[in-house]
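Asker: So you can see what is in the structure, the chains are spelled out below.
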Amino acid sequence: VAVGTVSESVSVLEAEVAALNELLAVQERVVGEQSAKLKRYADDLERANEEVKQFAYIVSHDLRAPLINLRGFASELRAACAILDSHLALTLPHLDEEQQREATAALRQDIPQALEFLEASVTRMDRFINAVLKLSRLGRNDLHFERVNLHEVVQAVLEGLAHQIEERQVKVMIGSLSEVIGDRTAIEQIVGNILTNALHYLEPGRPGKIEVGGEQRNRETTFFVRDNGRGIAESDMPKVFALFRRAGTQDVKGEGMGLAYAQTLAHRHGGYIRCDSEPGVGTTFTVVLSNHTETESAGNAPTATD
Amino acid sequence: MPQLQQTDKHEVTILLAEDDLGHAVLIEKNLRRAKIANRIITVGDGQAALECLFGEANWAGKKPVGPMLVLLDLNMPVLDGYQVLERMKADERTRRIPVIVLTTTDDPREVDRCYGLGCNVYVSKPVDYERFSEAVQTLGLFLSIVTIPDGE
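Protein chains in written order, with my numbering: chain A, 13 to 318; chain B, 4 to 155.
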């Protein structure tokens with residue numbers, strides 16, 4: 013082999029190595045910039061998230077204060093009207109017919125009706141505020157991560173629903189369920205909300221079937237609740253996890269918060285809940301939880317002094 | 004009418020620190036319904052509450068108010084209820100004055116924080132007026148039988 017050819021090959025190789033090095037440097041710079049950008053996004057998100065939590069909390073508190081006045085003074089008015097009412101009988105004979113009619117209508121119809129509307133609105137507002145407050149607390153509470161046996165949780169929830177399951181003759185099948193690392197109470201609430209939902213929204217007149225199962229993967233644990241219920245229309249999908257929104261026929265009582273709570277709790281576990289549905293066929297809720305290690309959970313433990 | 008007892012028989016004055024005038028009126032109405040006849044001084048923020056307690060600003064040079072009991076709201080302008088509690092408990096002149104926190108929230112963290120700072124009783128104001136009225140009247144009943152330690 014000629015020496016010239018070797019040196020030529022070497023210089024070609026050298027040039028290629030140099031080009032590769034340059035490319036690597038560029039890539040490193042790009043990755044560096046990207047990760048700085050990602051870090052900024054993460055910080056922004058964290059801050060926005062913190063602000064939203066604070067916002068919900070403050071709004072809930074500050075909205076409550078005026079409600080106390082509305083409710084309180086409506087009640088004081090009611091008491092004052094009762095006093096006037098007790099004097100009405102004595103006063104009426106001194107009034108002409110038209111005045112009698114007006115006084116009676118004002119005291120016995122108009123004022124009580126106005127007070128009823130006032131009070132009913134306060135009650136509704138109070139319900140909304142309490143729901144938002146609860147959501148904000150779920151987003152702030154300390155979670156205590158531990159090993160949670162999903163099978164046990166599902167069994168316990170089903171026991172609580174046994175009466176309804178029996179009454180509606182629903183067939184419940186439980187497949188394989190693994191352990192997750194999570195906050196026990198939160199997991200129970202998530203499972204409880206989804207199972208209750210499945211039970212409540214079965215198709216009337218069709219024998220109900222609910223199937224629970226899951227699988228453990230490398231980085232995440234999933235479990236699902238599949239029902240053969242009435243299903244959710246495509247157009248109603250955005251409402252499923254939204255606050256105060258309820259989809260489909262409104263024949264079941266509820267404030268429209270259950271799945272919003274569940275989703276909030278899943279997010280706090282670094283996971284999420286997915287909903288797949290076909291109207292008239294059924295719905296599957298899938299909970300995806302990332303596999304925390306117990307050491308990670310130590311960082312989430314509440315501090316003794318707060 | 005029964006009055007708050009105090010060891011040396013001076014009548015106890017209730018200092019109500021509440022920035023919502025409506026709440027202040029409702030609280031006073033219900034205390035009166037519970038037959039509490041004591042003098043009630045209402046102030047609208049934490050700073051004004053401290054001035055009254057320490058005999059400063061508007062209260063400077065006036066006859067001291069005498070033994071007191073504080074009904075404290077938490078969300079107040081200028082200084083909030085926590086700050087008032089902290090200052091009271093840090094000062095020899097005021098640290099023995101009983102403090103009852105009366106506020107809109109029943110958040111366990113806030114309740115804990117108040118007790119941690121030295122409040123004696125925590126009462127939440129329910130939106131439900133019957134319960135509100137009941138809470139304040141129960142408080143009135145409680146006040147009519149407690150003995151206020153001498154602040155000096």
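Rather than coming from a laboratory, the hints here were simulated on the basis of the structure. One or more hints might be untrue.
Straight-line C-alpha distance at most 16 angstroms; calculated EDC-like pairs for lysine to aspartate or glutamate [unchecked claim]:
1. 146/A x 137/B
2. 146/A x 113/B
3. 32/B x 288/A
4. 221/A x 154/A
5. 32/B x 109/B
6. 183/A x 223/A
7. 65/A x 154/A
8. 251/A x 288/A
9. 146/A x 88/A
10. 146/A x 110/B
11. 65/A x 23/B
12. 38/B x 109/B
13. 66/B x 54/B
Chain B regions said to be covered by chain A (calculated; three or more residues, Cβ under 8 angstroms) [as the list claims (entries may be wrong)]:
14. 38 to 49
15. 62 to 73
16. 92 to 99
Note that the Cβ used here is the ideal one computed from N, Cα and C, for glycine as well.
Asker: If a hint holds in the structure, say so; if it doesn't, say that too.
Answerer: Okay, the hints, checked on the actual structure:
1. 146/A x 137/B: Distance of about 25 angstroms is beyond 16 angstroms: violated.
2. 146/A x 113/B: Measuring from Cα to Cα gives roughly 15 angstroms; hence the hint holds.
3. 32/B x 288/A: Status violated; Cα separation ~56 angstroms.
4. 221/A x 154/A: Given that 16 angstroms is the threshold and the Cα spacing comes to 36 angstroms, the pair is violated.
5. 32/B x 109/B: Distance of about 23 angstroms is beyond 16 angstroms: violated.
6. 183/A x 223/A: 8 angstroms, holds
7. 65/A x 154/A: Answer holds: residue 65/A to residue 154/A is near 14 angstroms, not above 16 angstroms.
8. 251/A x 288/A: Roughly 13 angstroms between the alpha carbons, so the hint for residue 251/A and residue 288/A holds.
9. 146/A x 88/A: 30 angstroms, violated
10. 146/A x 110/B: 10 angstroms, holds
11. 65/A x 23/B: Violated, at about 25 angstroms.
12. 38/B x 109/B: 27 angstroms, violated
13. 66/B x 54/B: With a Cα-Cα distance of about 14 angstroms, the restraint between residue 66/B and residue 54/B holds, given a limit of 16 angstroms.
14. 38 to 49: violated (count 0)
15. 62 to 73: violated (count 0)
16. 92 to 99: violated (count 0)
Of the numbered hints stated above, those contradicted by the structure are hints 1, 3, 4, 5, 9, 11, 12, 14, 15, 16, listed in ascending order.
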